[in-house]
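Trainee: Here is how the chains run, residue by residue.
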Amino acid sequence: MKQENNKAHKFGMVIDLDKCTGCGSCMVSCMSENNVPFKEDESNKKDSITWMRVYKITNGKSFPDTEIVYLPRPCQHCGGKGDHGHSPCVSVCPATATDYGYDTGIVSQIYTRCFGCRYCMGACPYHARYFNWWDPKWPEGMENYLSPNVSPRMRGVVEKCSFCYHRYQAARDKAYVDGRDDIEEQEYQTACTTACPAGAIVFGDLNNPAHAVHQIVKPDPHPDPRNKHIVGKSRNPNVFRLLERLGTNPKVYYLSEREWVRKAGDNYLEGEWDEIKNHHGSSSHD
Amino acid sequence: MSEIENKTENGSTESAGERTAGDTKDDKGLGLGVIFFIVAFVVCFLSGTLLFPKLLYSKREQPFNFDHKLHVGEAGDCDSCHYLREDGSFVGIPKLATCLDCHSEEPMGETEDEAIFAEEYVSKEKEVPWFIYSRQPDCVFFSHAAHTQSGGMDCVTCHGPIGESTSSKPYQENRITGYSRDIWGENIWGFKKNSWDRMKMDDCAECHKQETGHQGYCFQCHK
Amino acid sequence: MDSALIPEGAKRCSFPKFAIGIAIVGAVLLWGVYAMFLCWFKGLNQTNMNDYYGFALWIWADLAVIAVGGGAFFTGLLKYIFKVDELKNIINFAVIIGFICYSSALLILAIDIGQPLRGWFIFWHANVHSMLTEVAFCLSCYFAVLTIEFIPNILENRQVNRVPFFHHLAHNMHGVMAIFAATGAFLSFFHQGSLGGVAGVMFGRPFAVREGLLIWPWTFFLFTWSAAAFGPCFTLLVAKITETITGKKLVKDNVVHLLAKISGWMITTYIIAKIIDTIYWATVTIPSLGFKLSHFYTNNSFYGYWILITEVVLCGVVPGALLIIKSTRENPTLRLIAIVLGVIGVCLNRWVMVLQIMAVPVMSFDTWALYIPSWQEIATTILPVAYGIILIAITYRYLPVFPQEQELNSIEPATEAE
Amino acid sequence: MKVDRRSFLGLGLGAVAGIAVSPVGIKLTDDSSIWTQNWPWTPVPVDGEVSYESSVCSLCPGSCGISVRKIGDRPVKIEGLAGHPINDGGACLHGIAGLQYLYDPSRVKTPLKKNGNTFEAISWEDAISLVAAKLADIRNSNAPERLAGIMDKDLGSVSALFKRFFNTFGSPNIYTLPTLESNLQATAATVHGKGQTIAFDLENADFVLSFGAGLIEGWGSPVNGFKANASRKERHAKLYQIEPRLSNTAANADKWIPVKPGTEADLALAMCAVILKKKLFDSKAVANFKGGVNKLNALLQKTYAPSKMAETTGVKSSDIDTIATLFAKAKMPVAVFGKGRGDGAQSLKELVAVHTLNCLVGNINKKGGAFVQPETAYLEFPAESMDSIATDGLTKAKAGRYAHQVFEKINAASQPVVEALFVYNANPCYTLHGADNIKKALGKIPFVVSFSSFLDETAKQADIILPIHTFVERLEDVPSCAGLAKSVVGLTKPVSPPIFDTKNPGDAIILIAKALEGDIAQSFEWDSYDDCLESVTPGIWDDLSEEGVAVISEGIPTGSVAVNVSFLADNPATVQAQGDDSLTLIPIDNMRLPSAGTAASPFAVKTVSDTILKGTDSVVEINPLTARGLEDRGYATLTTPMGTARVRVNLNEGMMPGVIGMVEGLGHDFDNKYVSNKGTNINDLIGPVIESGSGLDAAFGIKAKISKA
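Chains as they are written, first to last, in our numbering: chain S, 1 to 286; chain D, 1 to 223; chain Z, 1 to 418; chain E, 1 to 709.
Calculated directly from the structure, the hints in this document are not laboratory data. It cannot be assumed that every hint is accurate.
Said to hold, decoys possible - Here are the computed distance ranges between Cβ atoms for each label pair:
1. E:A121 with Z:V33: 41 to 51 Å
2. D:K95 with S:W134: 32 to 42 Å
3. D:I93 with Z:L370: 38 to 48 Å
4. S:D274 with E:G292: 53 to 63 Å
5. D:I93 with E:P446: 55 to 65 Å
6. S:D65 with E:P538: 54 to 64 Å
7. E:N294 with S:D274: 48 to 58 Å
8. D:V156 with Z:D366: 52 to 62 Å
9. E:E384 with D:S80: 31 to 41 Å
10. S:G271 with Z:L370: 27 to 37 Å
11. S:D65 with Z:S364: 15 to 25 Å
12. Z:D366 with E:D254: 20 to 30 Å
13. S:K61 with E:D282: 52 to 62 Å
14. E:D530 with D:Y83: 32 to 42 Å
Since this is a predicted model, take the numbers as computed values, not measurements. From the three backbone atoms N, C-alpha and C, an ideal C-beta is built for every residue, glycine too.
Start from the sequences and build out the full structure, keeping to the hints where you can.
Mentor: What follows is the structure in structure tokens.
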């Protein structure tokens, strides 16, 4: 445990939106991995628990110039302003039911601690947090597929994506008995990553230059000179984060060769995009 | 004082009408009140401390008596039966199959308990429905591997000298929470003398703080 | 039949009439209680809240009652700390209103949380970074202070006061009330502020986020200020309503004028600060995040610029002006208009700072989310109103709430009790 | 001593104080919160040893390898199997949600017998003997052809057992529902000769011209399709998608070419015309074409010139020219056909027209092209034992060319055409066009036996339901199909013990055969299906049982392939949509909803967008230009010659004007509130249109009108 603290991971994800087909495998893999319940009517998406949600985004143009992109949105595991661990939700939870793991960069959610004030949901601009408005119920017999690795929630608490933390735990357990200090990249992969038939999701340690996610994202170690709250901006011109300008510092990055898609990741004033789009972290000013 | 009470009677016949019947002007009332107070206090305090735990916990015997001491002598250390699997997960209380590694069809000893084991479970191929004293709730992720392999802790620190016991104590379950009494601890106030007397989250955090300098992040122990 | 309990020399309506009134309001109360139990036993699916509207009507109601309940701490501050002695004639009432407002707020919070039995975690496992933690602590403490402030008034009930112990207790409590008032003012400053902070710290929500001083965003100070400014308006409004219902004058004009004047100046200064804050937010804060002001007020069927103008101009600038100008302040009709507008204004501000935040899309591909509360939410929001009416009716009937009542409504030659 | 108020006060205060300083308060406060953390009605998953078992998913023709995670004996999660030749780790949402089918409490739990309008549970013995008795009657009346059968596919040993049963019984009337594989075989038969099938080397092609094939909408082997599509980015391969709607495939493509529905064949032929005219074809390949190349060329230049087809198809003639040129000049081009998932209604003219593009550019059996190869054959059954009834019966004419015709005949006839019907793994009452007519036909069949895991629309019409294992519980060989470039056979293994009183369908048919005795029984002498499978797969059983998968063929097929263009040269008519309204309703294939007979799992339904399903209403897509007077998300009435539905409207710029799109796979009426009674089954609104010549139902849509409701 001690060595863990010295060698902090920063688990993150990069999703290739040009590969994403919107097929929904990640969503279902997540639900099935994490004992997410379902109810009779899930067509009201505002009360439908989907830790991983795939948004359909269009370029807003009319026929036949319309384009569509699908954007899978897990919890962004924000590092908060300056990446100090005060993510929008963690900083507001009154009962410490969600915290920032400085050893992993993962934002937790403890269902048994949460008392359901929902402040975190209001604070999260990504709508990544879901409330259990109902008691979860499985049709008779279906509770047999529930996984013991994730505790089923009760009504009245908030839940969200955990980056399949239990898989990290399992990988570490294996490493312990093998007498290894740390885990391999492939030992800890989230359920959405492994399920994605298009291979659009890459997961790993953003702090580890050997990991694919680091190599794709090339995170800027310095704060963005334009906004000191932003840390870890990608130096890959095709990579962006959702609402990066808010300073939430998500650990989920997106990749697209299409400019309109990258622009849809954030809000820009008129004309601003053209000025900003070629800015890729502090290095672009070096 | 009496003056005021008189006033009361005179002043409002309506409201005081009934109550005057039981009213008294002598000061014994106060003394009696104090006595009543003390008696009620003592009775309630004692029942809250002594009777309440009895009501709160149900008590059940294990399916049959298990002699840890005997098994440790025969089979070896704790991890002979309570071992880590290859994937790093912990087996917990061994399944029947593990028992059968030693207990083949015929009884090994002559104890009454082994006879129950053989008749009720081995021959019927039924798992023994042990009550687990240290069972943590579903929200807890506890890695034995992290503690025993990486942390180098011994079993006794948390489980106490159960390996030296010759009999199984009754299992006490909290009627409200379903927790084993060993989680909160035997002491109803939650006081503990030994590191294994309680297994609440605060006890984990305390040790973590001591050993690692940090009480740990939520996900370290929650799932 | 309850005349023994009614303050000496005060005239009250007959008990049956009183009982009928209480019964009618009580029915509403029971409706609310029924909805409350539905929420507790069936869960928050009884509401129309959803994952976009984690905070909705209840949190608004909470913020609103605390804001209008701000009259208690501010009047107390003026009376006990700044020794504005005339205010002793309305301080009891202000405290009762404060007590009602804060107990209601706590009740609503207890319904609003998904796991009421774990509510105490907010204290036990407090996260000191959370504004809500600050709210919970200050709110609870201040409620305790308000209770203490309320007790002497209860002890002044004719029957209770006959018990020498209570009599002396009441007397002594009055003596030390300044300490409580100071504590209360301090606590109030923080929880009113932290309620504002609740919105201001949400840096993921451009509509809410504000820069600020140290850990406190500007909304922190604006909330405190607005509560102090509009709280007295509400005290005056309820006093006026009570006067109308009882058909009696209960507070002397000079007291009313004084409080109105103070409120007027507070409102005016507040609204100047609010306007500066809004302009700074609109021109500096949000453009840096890529938003134009129009983003927050267009493209949806409800939230338009009207809400901003109503809040700031119609229900801010106007009542402020009406109350600081002597002639309009002392004109009963215009004064009433001003305090009504003021109360609406602060409630509207709280609405905007809760519900509009949730409604505004942040991700470029997200959409506006509008919401209509369920009857259970409405019933439980009306519940505190019914409870407040009943409590005011009872306290007015049995306690000497208005010290000037007898002087203003002498039925027989006034002979003071003492 | 008087007990007064003070005494009571003292008593009360004492009690309160006593309790307050006792541990009761803190303990109960703590315990009550812990109680909420462990509510007895919140399930606690049982822990145990983790193990992984590999198997194969047979929910769709994809035949993906799966890895099933188990806790003790209990399967808890299905994931894609890394290293599997088809899907290498990826998995689709339906496979992942497979356990929701396994544990579904609305499954058929035991054999059922219809009793009036309800079903009663019976034992397997009774069920088998009831079926056998009825079948014996049919045989005794010397009309064995009056037993008909419908299966979902004609692949693998279970289908082979059914066919074997029908042969030895003496009925030629066994049908499969149209699948991508059957459509590929029909295309191959028309162009290259019988007994072959077509595959597409999408993993290597550098220019994919897809005529509406939903390459990432569930076409073919879906996960393989996703992988091939995703790899385009690294390979810099292009995808051009031709279809009326901006589907996910179109959105993911390098170019989307909107085309008027039902004119894909015309467009393909126009492109052929360009290639021929500009001499961009592979002359060596074309030199060997049979069936009148010149005649075809003359026809194409005359009738299908791009200038003429621009109006018909809605694609500019310059675009037709450009795309055809790009296609022909590409190094490894491939034209892919089979609209949507490629199953269901398809026009042979269209399939052949598109495939002719492949033939023209000479990419047959070349890397990145179209592979023409013999149908996979690895089963070796012993000779059937036939009695005279069987031999006679098999000489009789089939009741129809395809299942559709059989049902039409039944509906038209006054006497029973079919005395008994077996339905295995198929749900024609849901998946075929004009589903109501199919139900009517089933109602006229005196004895319907359904082999099904679910009480689906067809099973509900049955007289006997024989409940079968889901893919998680059964042993079965699963050959790949559906256009996959490599040919592999996977083994589905019983990863879970049967949850209910169900059987392997192979066992069920063996039991029926045995109960019929005589030659039929002799042809089914295996003790169980498990024995049968091992004995009929002698060449690959070792691989199957040890590796879980046997590769039959991989890489580019060798050998020359004959091409015959006579079908097109005869200029078959293009199928027109039924009706005369101005708009055309077309089905939309969506990956998240299976269009086959099985309803989506609760998880899959949960992922469905609210622009497809809202509450219990189907949402139709329509271009804002077409949707005059309709509001986005508002209600509308959709009317076709086949029926009317109340729907909601989604104004969608990705829809071609004049076209209404409605998703397939909704409107089931299973007894399962999570997946059923949601939306409308589009097959109720579309009627079959039989293509002359091929006999296929080729209804690509139907004319429709829509108005505000």
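Trainee: Taking the numbered hints from earlier one at a time, note which ones the structure violates and give those numbers from smallest to largest.
Mentor: The structure breaks hints 3, 9, 13; every other hint is satisfied.
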